[in-house]
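Could you build the full structure based on these sequences and the hints that come with them?
If you want the working numbering, it's the position in the sequence shown, counting the first as 1, plus 192.
Take the hints with a grain of salt, since some may be wrong.
Unchecked claim - The following label-pair restraints were derived from C-beta to C-beta distances:
#1 SER242 with GLU269: 18 to 24 Å
#2 ALA264 with ARG209: 27 to 33 Å
#3 ARG210 with GLU277: 28 to 34 Å
#4 VAL252 with LEU213: 21 to 27 Å
#5 GLU214 with GLU260: 22 to 28 Å
#6 LEU275 with LEU213: 18 to 24 Å
#7 MET272 with ARG196: 28 to 34 Å
#8 ALA245 with ALA199: 20 to 26 Å
#9 MET272 with LEU208: 17 to 23 Å
#10 ARG210 with GLN266: 35 to 41 Å
#11 LEU275 with VAL222: 20 to 26 Å
#12 SER238 with ARG196: 17 to 23 Å
Unchecked claim - Calculated lysine to any residue pairs in the SDA-like style (CA-CA distance at most 20 Å, straight line):
#13 LYS229 with ALA264
#14 LYS229 with SER242
#15 LYS229 with GLN267
#16 LYS229 with THR219
#17 LYS229 with ASN251
#18 LYS229 with LEU255
#19 LYS229 with GLN266
#20 LYS229 with LEU217
#21 LYS229 with ALA197
#22 LYS229 with TRP268
#23 LYS229 with ILE218
#24 LYS229 with ALA241
#25 LYS229 with ARG209
#26 LYS229 with ARG210
#27 LYS229 with THR257
#28 LYS229 with GLN270
#29 LYS229 with ARG211
#30 LYS229 with GLU263
#31 LYS229 with ALA271
#32 LYS229 with LEU274
#33 LYS229 with GLY247
#34 LYS229 with VAL252
#35 LYS229 with ALA253
#36 LYS229 with ASP276
Read the hints as simulated data drawn from the structure, not as lab findings. As the structure is a prediction and not an experimental result, all values here were calculated from the model. Just so it is clear, CB atoms sit at the ideal spot from N, CA and C, and this is done for glycine as well.
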Amino acid sequence: EKGRAWAEALQLLPELRRRGLEPDLITWHVLAEACAKAEQWAEAISALASMRAAGFRRNVALLNTVIEACEAHQQWEQAMLLLDE
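Below, the structure written as C-alpha cells:
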C-alpha cells in the first residue's frame, strides 16, 4: 500500500495542472509526506525543492517531514544541507 501511495501522489501534480489548478502548500506537504512514509527520501527532497521553486516558503512541519525521511536512511548530509538552506 505505502509503496503505491507515493507514486500516486507524484501523479497528482501533473493531473492538477492538466485541470488548470496549481498545488497549494497542503498539496506539497501531502506529497512530501507520502514520499517520506514510503521511504523515498530523495523524492521528498525533490518535492520540497519543487515547492520552493513554485514560490512557496518551506515551513517547519514540512521541513521536519523531509529531514525525518533523510534520517531514517542515514542521509545525514542531505538533512544538514536542508537545515543550511
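Outcome of the hint check:
Take SER242 and GLU269: their Cβ atoms lie about 21 Å apart, and the range 18 to 24 Å holds. At roughly 30 Å, the beta-carbon separation of ALA264 and ARG209 lies within the given 27 to 33 Å, and the hint holds. At about 30 Å, the beta-carbon gap between ARG210 and GLU277 stays in the expected band of 28 to 34 Å. Checking the proposed 21 to 27 Å range against VAL252 and LEU213 shows it holds: the Cβ atoms sit about 26 Å from each other.
A hinted range of 22 to 28 Å for the beta carbons of GLU214 and GLU260 is consistent with their spacing of about 27 Å. The hinted range of 18 to 24 Å is not satisfied by LEU275 and LEU213, whose Cβ atoms lie roughly 32 Å apart. For MET272 and ARG196, the hinted distance range of 28 to 34 Å is satisfied, since their beta carbons lie about 31 Å from each other. As the Cβ distance of ALA245 to ALA199 is approximately 21 Å, the hint placing it in 20 to 26 Å holds.
A hinted range of 17 to 23 Å for the beta carbons of MET272 and LEU208 is inconsistent with their spacing of about 32 Å. The hint said 35 to 41 Å for the Cβ distance between ARG210 and GLN266, and at roughly 37 Å that hint holds. Roughly 23 Å separates the CB atoms of LEU275 and VAL222, a value that falls within the hinted 20 to 26 Å. Hint check: SER238 to ARG196, Cβ distance near 18 Å, so the stated range 17 to 23 Å holds.
Distance restraint check for LYS229 and ALA264: the Cα-Cα separation of roughly 10 Å lies within the 20 Å cut-off, and the hinted pair is therefore satisfied. Distance hint between LYS229 and SER242 is fulfilled; the C-alpha atoms sit about 18 Å from each other, no more than 20 Å. In summary, the hint linking LYS229 to GLN267 is supported, as the alpha carbons are separated by about 15 Å, within the 20 Å threshold. Distance check on the hinted pair: LYS229 and THR219 sit about 15 Å apart at the alpha-carbon level, within 20 Å; holds.
Simply put, LYS229 and ASN251 have alpha-carbon atoms about 18 Å apart, close enough for the 20 Å limit, and the pair holds. Straight-line distance between C-alpha atoms of LYS229 and LEU255 comes to about 14 Å, which keeps the hinted pair within the 20 Å bound. Distance restraint check for LYS229 and GLN266: the Cα-Cα separation of roughly 15 Å lies within the 20 Å cut-off, and the hinted pair is therefore satisfied. Proposed proximity of LYS229 and LEU217 is supported: the alpha carbons are some 18 Å apart, at most 20 Å.
A C-alpha spacing of about 9 Å is found between LYS229 and ALA197, which places the hinted pair at or below 20 Å, so the restraint holds. Only pairs whose Cα atoms come within 20 Å are accepted, and LYS229 paired with TRP268 is accepted, the gap being roughly 17 Å. Of the supplied pair hints, the one linking LYS229 and ILE218 holds, its CA atoms being roughly 16 Å apart against a limit of 20 Å. Proposed proximity of LYS229 and ALA241 is supported: the alpha carbons are some 18 Å apart, at most 20 Å.
Taking the CA atoms of LYS229 and ARG209, the gap is about 24 Å. The hint is violated against a cut of 20 Å. A distance of roughly 26 Å separates the Cα atoms of LYS229 and ARG210; the hinted pair therefore is violated under the 20 Å criterion. In summary, the hint linking LYS229 to THR257 is supported, as the alpha carbons are separated by about 9 Å, within the 20 Å threshold. For the suggested pair LYS229 and GLN270, the alpha carbons sit about 17 Å apart, so the restraint of at most 20 Å is met.
Distance hint between LYS229 and ARG211 is unfulfilled; the C-alpha atoms sit about 27 Å from each other, more than 20 Å. At most 20 Å may separate the alpha-carbon atoms for a hinted pair to count; LYS229 and GLU263 meet this at roughly 12 Å. With a C-alpha separation of about 16 Å, the suggested pair LYS229 and ALA271 falls inside the 20 Å cut-off, and the hint holds. At roughly 18 Å between alpha-carbon atoms, LYS229 and LEU274 fall within 20 Å of each other, so this suggested pair holds.
A hinted pair counts as satisfied when its Cα atoms are at most 20 Å apart, and LYS229 with GLY247 does not qualify at roughly 25 Å. Between LYS229 and VAL252 the alpha-carbon distance is near 17 Å, which keeps this suggested pair within the 20 Å criterion. Among the hinted pairs, LYS229 with ALA253 is consistent with the structure: their alpha-carbon atoms are about 14 Å apart, no more than 20 Å. Distance hint between LYS229 and ASP276 is unfulfilled; the C-alpha atoms sit about 23 Å from each other, more than 20 Å.
The structure fails to meet hints 6, 9, 25, 26, 29, 33 and 36 from the earlier list, while all remaining hints are met.
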